Amino acid sequence: MANKTILTGWGRTSPSVAELLRPGAEAELTPLVLAPGGRGVIARGLGRSYGDPAQNAGGLVLDMTGLAAIGPVRDGYVTVEAGVSLHRLMRELVPEGWFPPVTPATRQVTVGGAVAADIHGRNHHADGSFGNHVTALDLLGADGVTRTLTPGDPDFWATVGGMGLTGVITKATIRLTPIETSRMIVNTWKCPDLESVMTRLTQADLAHRYTAAWVDCLSRQGRGVVEGADHARQGAARSFRARGFEAGPGFLPVGLLNRHTMGLVNRGLYATTKRESVQVRPLASFFHPLDRVGHWNRLYGPRGLVQYQFVVPMGAEQTLMKIVERIRRSHAASFQTVLKRFGPGSGGWLSFPTPGWSLSLDFPTTTKGLAWLLDRLDELVAEAGGRVYLAKDSRLRPELLPVMYPALAAFRERRRELDPRLVFQSDLARRLSL
Amino acid sequence: MKNAFGEPQSLLLVGGASDIAMATAMRLVRRRVRRVILAGRPSPARDAAAARLAEAGATVETADFDAFRVEEHAKVIGDVFAEGDVDVALVACGLLGDADLDPLKAADVAMVNYVGAMTAAIVCADAMRRQTHGALVVFSSVSAGRPSGSDFLYASAKSGLDAFARGLTEALRGSGVHVMVVRPGFVRSRLTRGVTPPAIATSPETVAGAVLDGLRAKSEIVWVPGILGQLTRLPGSVVRRITG
Ligand SMILES: Cc1cc2nc3c(=O)[nH]c(=O)nc-3n(C[C@H](O)[C@H](O)[C@H](O)COP(=O)(O)OP(=O)(O)OC[C@H]3O[C@@H](n4cnc5c(N)ncnc54)[C@H](O)[C@@H]3O)c2cc1C
Ligand SMILES: NC(=O)c1ccc[n+]([C@@H]2O[C@H](COP(=O)([O-])OP(=O)(O)OC[C@H]3O[C@@H](n4cnc5c(N)ncnc54)[C@H](OP(=O)(O)O)[C@@H]3O)[C@@H](O)[C@H]2O)c1
Numbered sequence: 001m002a003n004k005t006i007l008t009g010w011g012r013t014s015p016s017v018a019e020l021l022r023p024g025a026e027a028e029l030t031p032l033v034l035a036p037g038g039r040g041v042i043a044r045g046l047g048r049s050y051g052d053p054a055q056n057a058g059g060l061v062l063d064m065t066g067l068a069a070i071g072p073v074r075d076g077y078v079t080v081e082a083g084v085s086l087h088r089l090m091r092e093l094v095p096e097g098w099f100p101p102v103t104p105a106t107r108q109v110t111v112g113g114a115v116a117a118d119i120h121g122r123n124h125h126a127d128g129s130f131g132n133h134v135t136a137l138d139l140l141g142a143d144g145v146t147r148t149l150t151p152g153d154p155d156f157w158a159t160v161g162g163m164g165l166t167g168v169i170t171k172a173t174i175r176l177t178p179i180e181t182s183r184m185i186v187n188t189w190k191c192p193d194l195e196s197v198m199t200r201l202t203q204a205d206l207a208h209r210y211t212a213a214w215v216d217c218l219s220r221q222g223r224g225v226v227e228g229a230d231h232a233r234q235g236a237a238r239s240f241r242a243r244g245f246e247a248g249p250g251f252l253p254v255g256l257l258n259r260h261t262m263g264l265v266n267r268g269l270y271a272t273t274k275r276e277s278v279q280v281r282p283l284a285s286f287f288h289p290l291d292r293v294g295h296w297n298r299l300y301g302p303r304g305l306v307q308y309q310f311v312v313p314m315g316a317e318q319t320l321m322k323i324v325e326r327i328r329r330s331h332a333a334s335f336q337t338v339l340k341r342f343g344p345g346s347g348g349w350l351s352f353p354t355p356g357w358s359l360s361l362d363f364p365t366t367t368k369g370l371a372w373l374l375d376r377l378d379e380l381v382a383e384a385g386g387r388v389y390l391a392k393d394s395r396l397r398p399e400l401l402p403v404m405y406p407a408l409a410a411f412r413e414r415r416r417e418l419d420p421r422l423v424f425q426s427d428l429a430r431r432l433s434l
Numbered sequence: 001m002k003n004a005f006g007e008p009q010s011l012l013l014v015g016g017a018s019d020i021a022m023a024t025a026m027r028l029v030r031r032r033v034r035r036v037i038l039a040g041r042p043s044p045a046r047d048a049a050a051a052r053l054a055e056a057g058a059t060v061e062t063a064d065f066d067a068f069r070v071e072e073h074a075k076v077i078g079d080v081f082a083e084g085d086v087d088v089a090l091v092a093c094g095l096l097g098d099a100d101l102d103p104l105k106a107a108d109v110a111m112v113n114y115v116g117a118m119t120a121a122i123v124c125a126d127a128m129r130r131q132t133h134g135a136l137v138v139f140s141s142v143s144a145g146r147p148s149g150s151d152f153l154y155a156s157a158k159s160g161l162d163a164f165a166r167g168l169t170e171a172l173r174g175s176g177v178h179v180m181v182v183r184p185g186f187v188r189s190r191l192t193r194g195v196t197p198p199a200i201a202t203s204p205e206t207v208a209g210a211v212l213d214g215l216r217a218k219s220e221i222v223w224v225p226g227i228l229g230q231l232t233r234l235p236g237s238v239v240r241r242i243t244g
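These protein sequence lines map, in sequence, to chains A and B.
Numbering-wise (the working numbering), the first sequence opens with residue 1 and increments by one.
Numbering-wise (the working numbering), the second sequence opens with residue 1 and increments by one.
The shape of chain A in the complex, shown without the other chains:
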C-alpha cells in the first residue's frame, strides 16, 4: 500500500490501516473503483461518523473532500459535489438567504456523508431527514458507470442511508430552506424530571421547527432542558460567522471527563439555566455549540468514546424511561445526552430515523461494564421495535441488525446484485455482515 494511513471514526475506537487517496476530479474515481485491489474501496467524508463505516482495513479509502464544487442556487435547489462540507455550504449560502434542509450537531460533515447516513437534525419532526430533501444524486457504481438516481428509483433509497455500500456518491441536488436572517429565536424550558421533559418536548414539537432536549442522565429524576427554536425573520444581518479553534485541547488531562466532573458540569448547567426564557442566538451557537472546540473527542483519551443512539417507537415511553434508569443505576456517565422526537422516516432502507423517541449518549470507552450495559440496552431497544444508528455504532451484535432493520435482507440482496464482487467494503460492513 502506497499511502498507508491509520483511520478511525470520531470516537477514535477500532483504528485500521488503509490506503487513503484524495481524488481531485470525478474522472479519477472510475479507475480506482474498477480496480481497487483485493480488499475493496469505500468513500469517506470528514470522518464524523463515530464508528467504522468510513474505514476499510487493508483496502482503499477515498477521501471525497477534494470534490467540493458548489453550483448556483436555482429556485431553492443547489447541485453540489459530494465532498463539500455543510460548513462551507452555510458560509456560502447563508448570506444569500439559504440554509441546508437538515444539519446535524456539527457542520463538519460532507454532503456525501449526510446522504449515506441519511442524517437528521433538530427539525426531524417537521422536515424529515437529509434524504427527504435530495432530489437527485449521482452514484458511481461497481461497474464504473455513474447513474443519476431520483427518489422514484429504488436504488436511490438503497443509497440514502446505505453507508457508502452501493457506490460512491459524486453529486447531489438538494432542496434548501429559505431564511430571512442568520439568527434563531430559541425558547428554553427547564424541566425537573424526565416525564416533564418528554411532555414539554412533545408540546414544543407542535409549535417549533427545531426542538431537542438535553437530559441529565446522572440525576435521579432525569431532569433536563428543552429547546424549541425557529429561524428569526427579518431584522438582523444574514452573515454567517463561526469562531473555532483549529487544534484540539490535546493537553487537557485524560480522565477529565469522568462521572464526577460530568455530574458537576450537569448540575452547573441546570442551575444556571433560567426556568423559561426566549433568546435570539446566532445559527452556529444554536446548532453547533461543540464546533467551537476543535477536536473535543480527544478529551476522552486514547481509548476514545462510544456513542450510542437509538430510537424506540411512539408508545414505547416505558422502554425509554427504563433505559435512562438503567444507565443512571449503572453509574456510566454520558457527557452529552440528547432526546429528540422523530417524525416519519424517509424510506431509506437502512435509514435510521423512524417515528419515535431518540436518545443519543456518549461514554468514555473505558467506562466499566459499558460493553455489557450497551448489549442489554440493545435488547430493550430491539424488543420495543426500535433500532440503533449505524453512523454512531461501533459495537452492535450483528444478529440484532436484521431485527432492528427489517429492510436489511432487501439491502443485502440488492447490494450483491449491484456489486457482485463486493468491491465496496468497509470495516462496518465486515463487522455487521452488511
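Residues of chain A clear of chain B, computed beta-carbon distances all greater than 10 Å:
hint, residue
1, L21
2, P23
3, R88
4, E180
5, R209
6, R259
7, G268
8, R421
Derived pair list, reagent style DSS-like, types lysine-lysine, alpha-carbon separation capped at 30 Å:
hint, chain 1, residue 1, chain 2, residue 2
9, A, K190, A, K274
10, B, K75, B, K105
11, A, K322, A, K274
12, B, K75, A, K4
13, B, K218, A, K368
14, A, K322, A, K368
15, A, K322, A, K190
16, B, K218, A, K4
17, B, K218, B, K75
Label pairs and their computed distance ranges (CB to CB):
hint, chain 1, residue 1, chain 2, residue 2, range
18, A, E383, B, D108, 50 to 56 Å
19, A, P402, B, G209, 29 to 35 Å
20, B, R193, A, P31, 57 to 63 Å
21, A, R22, B, G174, 20 to 26 Å
22, A, T5, B, A54, 37 to 43 Å
23, B, V70, A, E383, 46 to 52 Å
Since the hints were made in silico from the structure, they are not lab data.
Since we're looking at a predicted model, the values are computed, not measured.
We put the beta carbon where it would ideally sit given N, CA and C, even for glycine.
Based on the hints, put chain B with the ligands in the right spot on chain A.
Same frame as chain A, but now just chain B with the ligands:
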C-alpha cells in the same frame, strides 16, 4: 472485525478442537465471536466440538487440516480467509510423544508441534497482513526453554516453534497484526492424560482466561500461570520439579 471494545468476532482454530482451544473459543463465543472455523482432522471429537460451539450461538465451519500435510496448508487456510476476515487465529496443534529415541516418532513430534504449526502460522500471518488486522496466537510451552526430562523431544519442537513465533512477532510489527506466544506449564488436558501432574498444574479454562487477557492487553508473551515467567532465572532442575 473487532468492535470498539476490541472484541473479536471471528475465530480460527488450527489443530481443531484441542481442550485449550475449545475453552478459549467458548469464552470468546460468549462475548462477540460469531464465526468459528475448526481446522483440524475430521473426527467425532471435532464434530462434537462444532455442535457445542453452535449451541453456544456461533456459526461453525470445519476445514480439514492435518499438520503433516504441509503442502495443503496454504489452500486449506487460504480458503478460510477468502470467506471472510479472521480476527483471531489459535495455532494449537500439539503432540506430546514419548521419550523413545525412535527417529520416525521423533519426526512426528517435530511435524505436529513445529513444522506443521509453523507453516500454518505463516499462512495465517500472511493473510492477516493483507487484512492489516488480526491476532495470531501460537501455543508454545514452558518446556520450550527447558528441553530435559521425558518430553525433551516435544520441548525441542516447541522451542523451534517458540523461536519462530518470536521472530514473526518482530517481522509483523507495524503491520496491524498482533502475534502472541503462549507458554503454558502443565495443563490437565487430553494431551497430558495419564501423566502425573507436577506441583503447578492448571486447567484449559485458566489458559483460556490468560489468552483473553493477553489479547486485550496485546501481550506478546503470555505465561500460564503468570508466575512461570518469574521462574526462568531459577536453575532448570528446580523448575522441572515445579512445572513438570
Ligand atoms: C459532534 C457530532 C455531532 C453529530 N450530530 C449528528 C446529528 O445531530 N444527527 C445525525 O444524523 N448525525 C450526527 N452526527 C453523525 C454525522 O452526521 C454522520 O456520521 C455523517 O455521516 C458524517 O459525515 P462525514 O462526511 O464525516 O462522513 P464519514 O463519517 O466520513 O462517512 C460516513 C458514511 O458515509 C459514507 N460516505 C461519505 N461520503 C460518501 C460519498 N461521497 N459517497 C458514498 N458514501 C459516502 C461513508 O462510506 C460512511 O459509510 C454527528 C457527528 C458528530 C461528530
Ligand atoms: N496440556 C499441556 O500441558 C500443555 C502445556 C503447554 C502447551 N500445550 C500446548 O497447547 C496446545 C493445545 O493442547 P491441549 O492441552 O489443549 O491438548 P489437546 O486437546 O490434546 O490438543 C492437541 C490438539 O492437536 C491436534 N493434533 C494432533 N495432531 C494433529 C495433526 N497431525 N494435525 C492436526 N491437528 C493435530 C489434536 O487434534 P486431534 O483430535 O486430531 O488429535 C488436538 O486437537 C498444544 O499446542 C499443546 O502443545 C499444552
